[in-house]
Amino acid sequence: MNRVFVTGIGAISAIGNNVAEQLQALQQGTSNIAPAKLLKSTLKLPVAEIPFSNKELTSLAELPTEETFSRTFLLGLIAAKEALKTANLTDRSDLQFISSSTNAAIEITENIYKNPEEHLPLLRYFHANQIPLDIAKELGICGRQYTISTACSSSANGIMLATRLIRSGKAKRVLVGGNDSLSRFSINGFNALEIASVNGCRPFDKNRDGVSLGEAGAYLVLESEEAAKGKHVYGEIKGFANVNEAYHATSTSPDGKGAKQAINDALAVANLTVSDISYINAHGTGTKINDLSESIAISELFGSQTPISSTKGCTGHTLAACGALEAVFSLLAIQEQQVWGNGRLLEPLTETNMNIVRETHSATVNHVLSNSFGFGGNDTSLIFSKI
Amino acid sequence: MAFYIISSALLCPQKTFEGTFPEEPISTEGLYLRCAEPDYKQIIPPVRLRRMSHILKMGLAASYLCINQSEVRPDSIIVGTGQGCTIDLEGFMRSCSEGPEELLSPIPFINSGHNTLAGQIAMNSQIKGYNMTYLQEAASLESALSDAMLLLEEGTSTCTLVGAIDEYSPLSFDVFKPHNCWREEPVNNLSLLKADKSGSIMGEGAGFFCISNQPDKQNIELVAADSKMNFKLGASKEWVNNLLAQHQLTTDDIDYLFVGRKGDQLTDDASYTEIENLFPSATIAAYKHLSGQYPTAQAVALWMAVKVLSGHDLPAYATYRAGAKTPKTILLYNNDLNSESVIIVKKG
Numbered sequence: 001m002n003r004v005f006v007t008g009i010g011a012i013s014a015i016g017n018n019v020a021e022q023l024q025a026l027q028q029g030t031s032n033i034a035p036a037k038l039l040k041s042t043l044k045l046p047v048a049e050i051p052f053s054n055k056e057l058t059s060l061a062e063l064p065t066e067e068t069f070s071r072t073f074l075l076g077l078i079a080a081k082e083a084l085k086t087a088n089l090t091d092r093s094d095l096q097f098i099s100s101s102t103n104a105a106i107e108i109t110e111n112i113y114k115n116p117e118e119h120l121p122l123l124r125y126f127h128a129n130q131i132p133l134d135i136a137k138e139l140g141i142c143g144r145q146y147t148i149s150t151a152c153s154s155s156a157n158g159i160m161l162a163t164r165l166i167r168s169g170k171a172k173r174v175l176v177g178g179n180d181s182l183s184r185f186s187i188n189g190f191n192a193l194e195i196a197s198v199n200g201c202r203p204f205d206k207n208r209d210g211v212s213l214g215e216a217g218a219y220l221v222l223e224s225e226e227a228a229k230g231k232h233v234y235g236e237i238k239g240f241a242n243v244n245e246a247y248h249a250t251s252t253s254p255d256g257k258g259a260k261q262a263i264n265d266a267l268a269v270a271n272l273t274v275s276d277i278s279y280i281n282a283h284g285t286g287t288k289i290n291d292l293s294e295s296i297a298i299s300e301l302f303g304s305q306t307p308i309s310s311t312k313g314c315t316g317h318t319l320a321a322c323g324a325l326e327a328v329f330s331l332l333a334i335q336e337q338q339v340w341g342n343g344r345l346l347e348p349l350t351e352t353n354m355n356i357v358r359e360t361h362s363a364t365v366n367h368v369l370s371n372s373f374g375f376g377g378n379d380t381s382l383i384f385s386k387i
Numbered sequence: 001m002a003f004y005i006i007s008s009a010l011l012c013p014q015k016t017f018e019g020t021f022p023e024e025p026i027s028t029e030g031l032y033l034r035c036a037e038p039d040y041k042q043i044i045p046p047v048r049l050r051r052m053s054h055i056l057k058m059g060l061a062a063s064y065l066c067i068n069q070s071e072v073r074p075d076s077i078i079v080g081t082g083q084g085c086t087i088d089l090e091g092f093m094r095s096c097s098e099g100p101e102e103l104l105s106p107i108p109f110i111n112s113g114h115n116t117l118a119g120q121i122a123m124n125s126q127i128k129g130y131n132m133t134y135l136q137e138a139a140s141l142e143s144a145l146s147d148a149m150l151l152l153e154e155g156t157s158t159c160t161l162v163g164a165i166d167e168y169s170p171l172s173f174d175v176f177k178p179h180n181c182w183r184e185e186p187v188n189n190l191s192l193l194k195a196d197k198s199g200s201i202m203g204e205g206a207g208f209f210c211i212s213n214q215p216d217k218q219n220i221e222l223v224a225a226d227s228k229m230n231f232k233l234g235a236s237k238e239w240v241n242n243l244l245a246q247h248q249l250t251t252d253d254i255d256y257l258f259v260g261r262k263g264d265q266l267t268d269d270a271s272y273t274e275i276e277n278l279f280p281s282a283t284i285a286a287y288k289h290l291s292g293q294y295p296t297a298q299a300v301a302l303w304m305a306v307k308v309l310s311g312h313d314l315p316a317y318a319t320y321r322a323g324a325k326t327p328k329t330i331l332l333y334n335n336d337l338n339s340e341s342v343i344i345v346k347k348g
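Protein chains in written order, with this note's numbering: chain Y, 1 to 387; chain S, 1 to 348.
Just so you know, nobody snuck in bad clues.
Here's a subset of chain Y near chain S, in silico, CB distances under 8 Å, partners left out:
hint, residue
1, L43
2, K114
3, A136
4, R164
5, G376
Straight-line distance between alpha carbons at most 25 Å, and here's what the computed PhoX-like set of lysine-lysine pairs gives:
hint, chain 1, residue 1, chain 2, residue 2
6, S, K177, Y, K137
7, Y, K288, Y, K206
8, S, K307, S, K15
9, Y, K229, Y, K81
10, Y, K85, Y, K231
11, S, K237, Y, K172
12, S, K197, S, K177
13, Y, K137, S, K228
14, Y, K55, Y, K37
15, S, K232, Y, K137
16, Y, K81, Y, K55
17, S, K307, S, K325
18, Y, K81, Y, K137
19, S, K325, S, K347
20, Y, K55, Y, K44
21, S, K228, Y, K172
22, S, K237, S, K328
23, S, K194, S, K177
24, Y, K81, S, K228
25, Y, K44, Y, K114
26, Y, K137, S, K237
27, Y, K170, Y, K229
28, S, K217, S, K307
29, Y, K170, Y, K81
30, S, K217, S, K347
31, Y, K170, S, K228
32, Y, K114, Y, K55
33, Y, K40, Y, K114
34, Y, K170, S, K237
35, Y, K114, S, K177
The set of hints was computed from the structure by calculation and includes no laboratory data.
Computed from a predicted structure; not experimentally measured.
C-beta: ideal position from N, C-alpha, C; glycine also.
In isolation and in its complexed conformation, chain Y is listed as follows (with noise of 0.2 Å):
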């Protein structure tokens, strides 16, 4: 069984560009939720946006900005350019692709209805698989390419079947990641499920109201042991389970069933256990029921003392690209050896007695979990290891 290491890491999101920047917001305990500036819908939620037009995505891409683009396209190429720098992957004749979003550029689909002439070049971006065919052709990928979408974990089980193939020896080496960018069509979902946050997401907060999107692109690189000999190693993914709840299409069951699940089988495939775990990267969405379930599963499982929060409060619910933004984020904290500050917190909810983390600090960081879960009952965990 090969030992799967990461080598590259690459983000964008509402606090930061590349990965400098938004690790520097996270010492800071920086959010970014906010009306919408660029984002047009009646609905004036709050949300977490990046404060740059396509036109200045497309300068950042490196890409002509006479082209018009779509703006989930752009977010992954700008992610997936800065993961293959950092692991200095020029030779890309053996990378293997896996990606996700939740519904392609559902952000450019949406206005078709209204301004059909204006959009008739991007029509392309209709086709479920265009985002990732046009990063593949962008970066000269050629190997194997898989797409993703099972709602909110996407990009976590993206990771997970990259690691997966890596162990086996089915790949050496995988860019793995996911997009996704504000649309009227998500915050509208979740504004019809009576989900979506008025005063602005609050993960685990006693007065939690809900859920604040956000948008962003995060890739990584995933190398073999092999493959990574003598380059830079920002962890290694030790352990990874996907289940399915089987409860309800869009709710978590009230006692984390689930949860405990994907939790438990990723301790199992990591042998680790519950004392091992310096840090919990939880889903906390802000929404009352699955920050409530979540937290009974991993108070049952970790007690009150193992430090855990949720990084929405600081990105917004970036959808299919959470579980590789926050994947970004758990390599982040082993690379400091602190533990991120649960944004937007004020009173910790009641009914559970864990250890959240109110502000950034240092701490001993050996082993990350890091949760994603999706509609549809999808549950996945997995763990970041120092080495």
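Let chain Y serve as the given structure and place chain S on it in line with the hints.
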């Protein structure tokens, strides 16, 4: 390690839901074929049927049929869908556009999530293991199958339910228009393969398969499932050859070849002739004149290959070129927009 297809079910424009090749194929004139649907009430509990979208009905029915026939209960679910839940996606997009945004029903939003089907199957059949959805155009089924094989190899699963599904919708039809994918004039599906005009006709369907690490009495082995990005017209012969070699097979071993010919004058020969010539003595089967063209149509070929390996004769209406008589090893090759894929199955 070997992997076995121990159960299969297919809903497609032909009446395949009864489990065998229909004696006479359905023949209609048009630009697309709709799925021949069973009486869903007989398969899906009626309370669940209410408010269920078209793609969910097709998928749940096919999954039930497949699970019911399987000797082993699947513990994991992997679905591949080329375009996902396009009808509900379009419905919710339209209502967001037309507004008012404040008053939208969440149902189409919930049903537009592309992993809704995999989640619904889990809920209905209480299958609580690994649950994955690939949304990857013509490579979706192949990703799902290779993930299933990896899962079995790891020992995470002993039997995985793999599904491939796509639905016809005005949106999914229009999406392919700029690529000259469709005929301009309605055509009878049974004369499609003459390929005397450009474009094909669209179809839809749901194919489900239980893949196990133990054989049943049919002993049908899933040898390989692979896909490759391909941005130009033509087939990657070398890639197919390498794949055969990887599995200790030669071109002589392939008795039957299933090709994704779809009746398109512009691409059919360029996409398939070279591959067909690799296997000069093989029987060649075609199916897209029966199912229509859709991203995961290769599930139709896989279902047919399983039937043929179980002892059913390949019907004359699906025979494209007569050749070897006894099928032992079958290769399915599909060449589609942006990707090529191969599935190999054999009698164990």
